[in-house]
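**Student:** All chains should be built: construct the whole structure from the sequences, respecting the hints.
The lines below spell out each chain.
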Amino acid sequence: MNQTAMAENKAITISFPEELSEVQEMVRACIQCGTCSGSCPNEFAMDFTPRRLWRMVLMGQKDDIFKSKTFSLCSSCYYCTLRCPRGLPLTEAMAALKQIAAKDGLSKYKQSSLFYKSFLESVRRHGKVREMEFMTMYFTAMKSPFLPFRFAALGMRLMGKGKVHIQIPSKGEGKLKAIFRKVEEMEGR
Amino acid sequence: MNYLYYPGCSLEGSALEYNLSTIAFMEAMGIELTEIEDWTCCGASAAESVSHLLSLALPARNLALAETMELDADLMIPCSACYLNLRNVAEKIKKEPDILNEINTVLKEDNLELKGDIQVRHLLDVVATDLGADSLAPKIRKSLDGLSIAPYYGCQCLRPYTVFDDPEKPTTMEPLINVTGARVHAWDMGGKCCGASHMNTKMDVGMELVAAILRAARGADAVVTVCPMCQMNLEAYQKKISATYGEDLSMTILYLPQLIGLAIGLSDKDLRLDLNLSITESFRNKLNNDCVK
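Sequence order for the protein chains is G and L.
Everything in the first sequence is counted per this note's numbering, starting at 1 for the first residue and increasing by one.
Everything in the second sequence is counted per this note's numbering, starting at 1 for the first residue and increasing by one.
Simulated from the structure, these hints should not be mistaken for laboratory data.
Cβ atoms here follow ideal geometry from the backbone N, Cα and C, with glycine treated the same way.
Hints may be right or wrong, so weigh each one.
As the list claims (entries may be wrong) - Rough simulated footprint, nothing fancy, chain G against chain L, three-plus residues with beta-carbon under 8 Å:
no.: 1; stretch: 41 to 48
no.: 2; stretch: 52 to 59
no.: 3; stretch: 89 to 97
no.: 4; stretch: 159 to 168
no.: 5; stretch: 190 to 200
no.: 6; stretch: 272 to 279
To be verified - If you only want the chain L side, here are some residues facing chain G, beta carbon under 10 Å, derived:
no.: 7; residue: Glu-12
no.: 8; residue: Leu-16
no.: 9; residue: Leu-100
no.: 10; residue: Val-106
no.: 11; residue: Leu-107
no.: 12; residue: Lys-108
no.: 13; residue: Glu-113
no.: 14; residue: Asp-117
no.: 15; residue: Gly-154
no.: 16; residue: Cys-155
no.: 17; residue: Trp-187
no.: 18; residue: Ala-236
no.: 19; residue: Tyr-237
no.: 20; residue: Lys-239
no.: 21; residue: Lys-240
no.: 22; residue: Ser-242
**Tutor:** Below you can see the structure in the form of structure tokens.
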């Protein structure tokens with residue numbers, strides 16, 4: 001068995017079980033009607049429909065939840081939240097699952113979480129995101145030699161128009177350092 | 001009329017023309033925008049995917065700064081993601097006082113305190129509700145007669161907070177398009193999702209969503225957007241998407257202030273059409289020739 005397959009089969013331990021309970025509370029009143037699945041623009045690419053995911057959450061099947069790519073495919077369009085006949089905060093529940101996966105560095109969510117973390121690192125340093133710096137940090141974190149080429153043409157076009165500039169990642173002045181530190185402290189990370 | 005203004009990070013970078021055309025349009029309409037001093041990132045879709053508290057604290061910092069400006073005005077935001085993040089804080093603290101305390105514990109580190117008395121408004125809400133087609137009508141200098149325009153609203157200015165439009169069948173852009181002399185392209189993709197950051201992390205999925213939108217826009221001369229992320233997704237990958245699906249999906253994509261700005265007589269230089277990534281030859285021709293007077 002190769003390493004990836006072993007990682008796939010390993011039981012998933014999450015370090016914040018109480019956070020999964022919070023997601024369970026969010027979807028407690030789910031009646032399994034499937035309006036969320038029918039409304040979801042990304043459902044075609046998911047391994048489990050949102051409706052099935054909520055059932056898995058209620059059953060506490062954390063291995064299945066976090067091995068699934070369903071929550072990472074939520075693009076926050078809020079159709080499910082708008083249409084849920086029980087008025088459940090489903091988009092927020094998807095985000096809560098993303099947060100658990102990001103904190104625990106779960107493999108299915110690695111690409112998204114490195115993308116978002118690179119973004120936020122640029123924000124922490126400078127207060128505003130520096131688009132080129134953040135993409136550079138993302139490529140470095142992904143350690144994928146081919147990934148930058150997918151975005152090279154767009155980067156050149158944006159630079160040609162003077163909208164973005166080459167930005168070597170720099171430490172910056174730590175503009176939002178205090179806020180980020182306090183949040184980490186309060187969330188016990 | 002006066003508004004506090006939060007441009008957001010994209011509008012200083014990849015969406016520079018949204019910022020410049022908004023400022024030019026508002027100035028021409030006699031509206032004064034006061035940018036929030038020392039504003040920082042709202043967290044975009046990144047913060048909510050990593051930390052709940054951070055996704056509230058980052059936008060809250062900007063709301064708290066807006067309050068210190070002591071200007072009796074609503075806060076106008078052109079980016080739908082920024083709008084939703086700031087609006088989300090404003091809505092949440094009304095319902096859950098505990099959240100306000102938590103946010104203020106964080107903001108204290110930056111010597112700021114949020115009270116929560118500022119109205120957060122999307123640019124489209126301001127243009128459609130406060131200005132409206134009626135106030136645009138006497139200012140029209142160049143009729144866009146002959147153009148067919150597809151209004152694209154995207155998600156986050158419509159949902160989850162239903163503020164100024166029908167979140168299922170949005171229509172607020174239609175009178176604004178009609179008053180320019182252009183026709184509204186009939187389609188039902190206005191409120192559909194562009195895939196947001198999927199284009200960066202899950203490109204195949206993102207391309208599928210964008211392809212469906214561009215396909216439905218066929219027959220229109222341009223799509224207008226009110227969000228830098230929608231705009232980027234719709235305009236930047238057209239070649240790749242066309243090649244992948246084996247069909248020509250090239251389409252002009254404009255920001256709303258650029259379209260209505262043209263109609264009130266601002267030049268394409270004022271509105272920085274040179275910065276857009278996808279303006280087709282045929283659109284330019286139509287804009288310059290007789291069919292548009």
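**Student:** Decide, hint by hint, whether the structure agrees.
**Tutor:** Hint by hint, here is what the structure shows:
With a threshold of 8 Å between beta carbons, the proposed coverage of the stretch 41 to 48 of chain L by chain G holds, since 7 of its residues qualify and at least three are required. Closer than 8 Å: that is the beta-carbon criterion, and the stretch 52 to 59 of chain L has 6 residues meeting it against chain G, so the requirement of 3 holds. Coverage of a stretch by a chain is defined here by at least three residues with a beta carbon nearer than 8 Å to that chain's beta carbons; for the stretch 89 to 97 of chain L and chain G the count is 0, and the condition is violated. Counting residues of the stretch 159 to 168 of chain L whose CB lies closer than 8 Å to any CB of chain G gives 5, which reaches the minimum of 3, so the coverage claim holds.
A stretch counts as covered by a chain when three or more of its residues have a beta carbon under 8 Å from one of that chain; for the stretch 190 to 200 of chain L and chain G the count is 7, and the coverage holds. Three residues within the 8 Å Cβ limit are the bar, and the stretch 272 to 279 of chain L against chain G gives 3, so the coverage statement holds. The closest approach between the C-beta of Glu-12(L) and any C-beta of chain G is roughly 7 Å, which is under the 10 Å cut-off, so the hint is satisfied. The beta carbon of Leu-16(L) is positioned within 10 Å of a beta carbon in chain G (closest approach about 5 Å), and the interface hint is therefore held.
Interface restraint check: Leu-100(L) against chain G, minimum CB-CB distance 14 Å, threshold 10 Å, status violated. Checking Val-106(L) against chain G: minimum C-beta separation of about 5 Å stays under 10 Å; hint holds. Annotation: Leu-107(L) was flagged as interfacial toward chain G, and the flag holds, the nearest CB pair being 7 Å apart, inside 10 Å. A least Cβ separation of about 8 Å between Lys-108(L) and chain G falls short of the 10 Å threshold, and the interface hint therefore holds.
Below 10 Å, beta-carbon pairs count as interface contacts, and Glu-113(L) has none with chain G, the closest being about 13 Å; its hint is therefore violated. Interface hint status for Asp-117(L): violated, as the beta-carbon distance to the closest one in chain G is roughly 22 Å, over 10 Å. Given the 10 Å rule on beta carbons, the hint for Gly-154(L) holds: about 8 Å separates it from the nearest Cβ of chain G. Because the smallest distance between the Cβ of Cys-155(L) and any Cβ of chain G comes to about 4 Å, under 10 Å, the interface hint for this residue holds.
For Trp-187(L), the interface hint is violated, since its Cβ never comes within 10 Å of a Cβ in chain G; the closest pair sits about 16 Å apart. At about 5 Å, the closest approach between the beta carbon of Ala-236(L) and any beta carbon in chain G falls short of 10 Å, and the interface hint on this residue holds. Proximity of Tyr-237(L) to chain G holds as hinted, the smallest CB-CB distance being about 8 Å (cut-off 10 Å). A least Cβ separation of about 8 Å between Lys-239(L) and chain G falls short of the 10 Å threshold, and the interface hint therefore holds.
Annotation: interface hint on Lys-240(L) holds; nearest CB of chain G at approximately 9 Å, less than 10 Å. Among the interface hints, the one on Ser-242(L) is violated; its C-beta lies about 14 Å from the nearest C-beta in chain G, farther than the 10 Å criterion.
Violated hints, in rising order: 3, 9, 13, 14, 17 and 22; the structure is consistent with all others.
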